Amino acid sequence: MTPRTLYQKIWDAHAIAPLGGDEWLIYIDRHLLYEVTSPQAFDGLRAAGRTVRRPDLTFAVADHNVPTENRAGGLAAIADPDSHLQVATLERNAREFGLAYADLAGPRHGIVHVVGPELGLTLPGATIVCGDSHTSTHGAFGALAFGIGTSEAEHVLATQTLPQKKSRTMLVRIEGTLGTGVTAKDVILAIIGRIGTAGATGHVIEYAGSAIEAMDMAGRMTICNMSIEAGARAGMIAPDDTAFAWLEGRPCAPRGAAFAEAIAQWRTLRSDEGATHDVEIRLDAAAIAPMVTWGTSPEAVTTIAGTVPDPAAEPDPARRGQIAHMLAYMDLEPGRPLAGLPIDVAFIGSCTNSRIEDLRAAAAIARGRHVAPGVRALVVPGSAAVKRQAEGEGLDVVFTRAGFQWRDAGCSMCLGLNPDRLAPGERCASTSNRNFEGRQGPGGRTHLVSPAMAAAAAIAGRLVDVREMA
Amino acid sequence: MMRPFRTLTGIAAPLPIANVDTDMILSAAFLKTVSREGLGKGFLHALRFDADGRERPGFVLNRQPWRAASILIALDNFGCGSSREHAPWAMLDFGIGCVIAPSFADIFHGNCLKNGILPIRVPRATIDALMAAAATAETATMTVDLERGSIDWHGGTIGFDIDPQRRERLLNGVDDIAASLGFEDAIAGHERRVEHEAPWLADPRLERIG
Ligand code: SF4
Chain E
1 MTPRTLYQKI
11 WDAHAIAPLG
21 GDEWLIYIDR
31 HLLYEVTSPQ
41 AFDGLRAAGR
51 TVRRPDLTFA
61 VADHNVPTEN
71 RAGGLAAIAD
81 PDSHLQVATL
91 ERNAREFGLA
101 YADLAGPRHG
111 IVHVVGPELG
121 LTLPGATIVC
131 GDSHTSTHGA
141 FGALAFGIGT
151 SEAEHVLATQ
161 TLPQKKSRTM
171 LVRIEGTLGT
181 GVTAKDVILA
191 IIGRIGTAGA
201 TGHVIEYAGS
211 AIEAMDMAGR
221 MTICNMSIEA
231 GARAGMIAPD
241 DTAFAWLEGR
251 PCAPRGAAFA
261 EAIAQWRTLR
271 SDEGATHDVE
281 IRLDAAAIAP
291 MVTWGTSPEA
301 VTTIAGTVPD
311 PAAEPDPARR
321 GQIAHMLAYM
331 DLEPGRPLAG
341 LPIDVAFIGS
351 CTNSRIEDLR
361 AAAAIARGRH
371 VAPGVRALVV
381 PGSAAVKRQA
391 EGEGLDVVFT
401 RAGFQWRDAG
411 CSMCLGLNPD
421 RLAPGERCAS
431 TSNRNFEGRQ
441 GPGGRTHLVS
451 PAMAAAAAIA
461 GRLVDVREMA
Chain R
1 MMRPFRTLTG
11 IAAPLPIANV
21 DTDMILSAAF
31 LKTVSREGLG
41 KGFLHALRFD
51 ADGRERPGFV
61 LNRQPWRAAS
71 ILIALDNFGC
81 GSSREHAPWA
91 MLDFGIGCVI
101 APSFADIFHG
111 NCLKNGILPI
121 RVPRATIDAL
131 MAAAATAETA
141 TMTVDLERGS
151 IDWHGGTIGF
161 DIDPQRRERL
171 LNGVDDIAAS
181 LGFEDAIAGH
191 ERRVEHEAPW
201 LADPRLERIG
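Protein sequence lines, in the order shown, are assigned to chains E and R. Here the numbering used here is used: the first residue of the first sequence is 1, the next is one more, and so on. Here the numbering used here is used: the first residue of the second sequence is 1, the next is one more, and so on.
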């Protein structure tokens, strides 16, 4: 048999009918929904008199447009009428179509990409879709997981399938050991810096190598999460004992004999010896340093020891103009060292970096120190479960004593949609995934960093190399 | 139901920015809606309006004749970022039916097709020529013909490639969902097989999470 990649294996197991050309109808095992991109899909269903084919494979939670304070108040505590209507609409649609729904005030609530794996909805070998580009997160478990639009969400609701063209594949191999203070976030930012935000367009990335194998599931999810920022539709990692151990006992994961049977199957989910990827790139883990973005695209990134680039040094006029535009928006002058740049806000959260491991890394820096005067610092756990676990470990006390705000789960300041956002001109060290203009609020200036780097920046009141504080 | 696209004649507006992201096309502030309608007001909002909500007079879409533009000429990686279909809905509501760029982000490209917006990929050199023509009012009108796969512009006619399946669907405005429901046997057959071979995929026991 011809050697196959991990992607090809999952594709083959789900491609159920050829549609002509290189397009196939593929079966979808899990469909996740949230309040912002789903209402129009349900309206479409109703208008056509259709129903949800597999409500038992469909799960809904409100995360983007929810406040991160006063959670116990539930839906009633959402003051903004438009936000209230959006969350109420999701609740109503879930009820009407018989879908599992994680209530805002309930124990299972959280960011959809944090909750899916936590519940064991995310399983190796599954196809997983959600109307959100960071669905790529779930690929950390060896699933094929990708973001879809609202029309496609309607398609999945009605048919449990999607017409898809096969992607090309890119292998990103990271060998060696990460240095102290260097995290999965730095690895993915380094990859994006290397290949650019369109570097993997049309591709699914498979991450492999000893640095990935040594990484915990939170780190792997961070890496797969930001595959989309490299232009990829999905990221994936072959599942191994680290993944199986993480999944064991999750409410929706198989149990007992079924779990053992599942693991036996899951072990075959890896690229065969001799399977070829369309593109291969290699990174040396030891050469990666803590990273920080300086511009308004995730590829505008350098190390914390780096400086702001000089547009004058750029030969391509379009690129030169783009750099100059980014520097004007970010209010940065060419040649300025990034270390030492004063910040107004630090945000630790988002589906990229809000898991218990991320919070522990930030707390390790915050412990016994205090947020700099004038800096607003938020810690927003990715889910109610992460919040409970962190409180069980006393991390909330570490954070609040250090002057961080300790919030309820949600997307929060990752996007300027809910009440948590930057004011115009504010500069933020953020653990989220996008530094686009206005992403965290109109006029806000975002520097993407790891959780430890964000905590260090909060305490120093400026961007700083976390390795000087450890 | 997908809107059909056959030909479009209109003003082309140059947008010489690479990596135009979906936050730029329609920022999060406009996502608090449960409808697809009326999003044109938020289209490229930060480029069209200043912080006080006044029009930026220098921006191309605030000038004549480009206020009525129906074609956008843009640079690489157009539509990157979030999967929000609100971005193409906003474009459509504003009146844009076609975007011509050297490359598009995957999800955005698919979302355009679903809404009867034609994304056309052409080489960078062609973009530069179209961009220059679009920047002058007298030469900004173009005709995009999907059936013939051509763009008629001031400088002549150029061809473009598009996947034949996608072209057919756009021309005819097919109902994708009805087409997929036609594969009921294949879908049900797959579901039976998974129940047997990977029962954990077939039944996540969602009742366990209440
Ligand atoms: S945390 Fe940010 S990136 Fe993640 S799902 Fe929410 S808004 Fe999207």
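If you are wondering where the hints come from, they were derived from the structure by calculation, not from laboratory data. Note that the coordinates shown come from a computational prediction; the quantities given were computed from them, not determined experimentally. Please note that a few of the clues may not be correct.
Dumping the calculated EDC-like pairs for lysine to aspartate or glutamate here, alpha-carbon to alpha-carbon at most 16 angstroms [said to hold, decoys possible]:
{"#": "1", "chain 1": "E", "residue 1": "LYS166", "chain 2": "E", "residue 2": "ASP344"}
{"#": "2", "chain 1": "E", "residue 1": "LYS165", "chain 2": "R", "residue 2": "ASP163"}
{"#": "3", "chain 1": "E", "residue 1": "LYS166", "chain 2": "E", "residue 2": "GLU273"}
{"#": "4", "chain 1": "E", "residue 1": "LYS166", "chain 2": "R", "residue 2": "GLU197"}
{"#": "5", "chain 1": "R", "residue 1": "LYS32", "chain 2": "E", "residue 2": "ASP82"}
{"#": "6", "chain 1": "E", "residue 1": "LYS9", "chain 2": "R", "residue 2": "ASP163"}
{"#": "7", "chain 1": "R", "residue 1": "LYS32", "chain 2": "E", "residue 2": "ASP80"}
{"#": "8", "chain 1": "E", "residue 1": "LYS166", "chain 2": "E", "residue 2": "ASP80"}
So, going through the hints one by one against the coordinates:
1. E:LYS166 with E:ASP344: Violated, at about 44 angstroms.
2. E:LYS165 with R:ASP163: With a Cα-Cα distance of about 11 angstroms, the restraint between E:LYS165 and R:ASP163 holds, given a limit of 16 angstroms.
3. E:LYS166 with E:GLU273: It is violated: about 21 angstroms lies between the C-alpha atoms, which goes past 16 angstroms.
4. E:LYS166 with R:GLU197: It is violated: about 24 angstroms lies between the C-alpha atoms, which goes past 16 angstroms.
5. R:LYS32 with E:ASP82: holds, 6 angstroms
6. E:LYS9 with R:ASP163: Cα-Cα ~25 angstroms, so violated.
7. R:LYS32 with E:ASP80: Holds, at about 10 angstroms.
8. E:LYS166 with E:ASP80: violated, 42 angstroms
The structure fails to meet hints 1, 3, 4, 6, 8 from the earlier list, while all remaining hints are met.
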